[in-house]
Amino acid sequence: MSKRRRNLSYPSLYDAFELGDRVKRLYRDKNGQNKEYKGIVLAIDREGVEIFWDTLNGKYRPKDMRIAFSNCPINEIFEGNKEYTPIKKDI
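In this text, residue positions in the sequence shown follow numbering that gives the first Met the number 0: the first is 0, and each later residue adds one.
Worth flagging that the hints you see were computed from the coordinates, not collected in a lab.
Glycine included, C-beta positions come from ideal geometry on N, C-alpha and C.
Watch out, some of these pointers could steer you wrong.
[What the hints assert, rightly or not] DEER-style ranges, computed between Cβ atoms:
hint	residue 1	residue 2	range
1	62	14	30 to 40 Å
2	57	8	28 to 38 Å
3	61	8	32 to 42 Å
4	10	30	30 to 40 Å
5	79	44	18 to 28 Å
6	62	10	30 to 40 Å
7	78	49	14 to 24 Å
8	62	11	34 to 44 Å
9	63	8	33 to 43 Å
Input sequences plus hints: build the corresponding full structure.
As structure tokens, then:
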């Protein structure tokens, strides 16, 4: 029940994103270095979005890229977590 109440504090994902939107976020490692990931929104539902990450620090699909797909829950999208910043549209 608290999870449902918590979701009401966020805007609707359908209002925040559309399929095909370009998005970005930063990864902060323990040494203070930032990596910028950019990707495309593949799917949206009430609980989160699926994103295909295709760009790392301006390079398209580099060999050292750790992730390709991620299913991000709504709280991580708007708040981020200890390693990643919130997901935002890449304008």
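We went through each hint and held it up to the structure:
1. For residue 62 and residue 14, the Cβ-Cβ distance of about 37 Å falls inside the hinted range of 30 to 40 Å, so the restraint holds.
2. Checking the proposed 28 to 38 Å range against residue 57 and residue 8 shows it holds: the Cβ atoms sit about 34 Å from each other.
3. A C-beta distance of roughly 36 Å is found between residue 61 and residue 8, which places it inside the suggested range of 32 to 42 Å.
4. Judged by the Cβ atoms, the range 30 to 40 Å given for residue 10 and residue 30 holds: they are separated by roughly 34 Å.
5. Between residue 79 and residue 44 the beta carbon distance is about 20 Å. The supplied range of 18 to 28 Å therefore holds.
6. Residue 62 and residue 10 have their C-beta atoms about 36 Å apart, which keeps the hinted 30 to 40 Å range intact.
7. Residue 78 and residue 49 have their C-beta atoms about 18 Å apart, which keeps the hinted 14 to 24 Å range intact.
8. For residue 62 and residue 11, the Cβ-Cβ distance of about 37 Å falls inside the hinted range of 34 to 44 Å, so the restraint holds.
9. At about 37 Å, the beta-carbon gap between residue 63 and residue 8 stays in the expected band of 33 to 43 Å.
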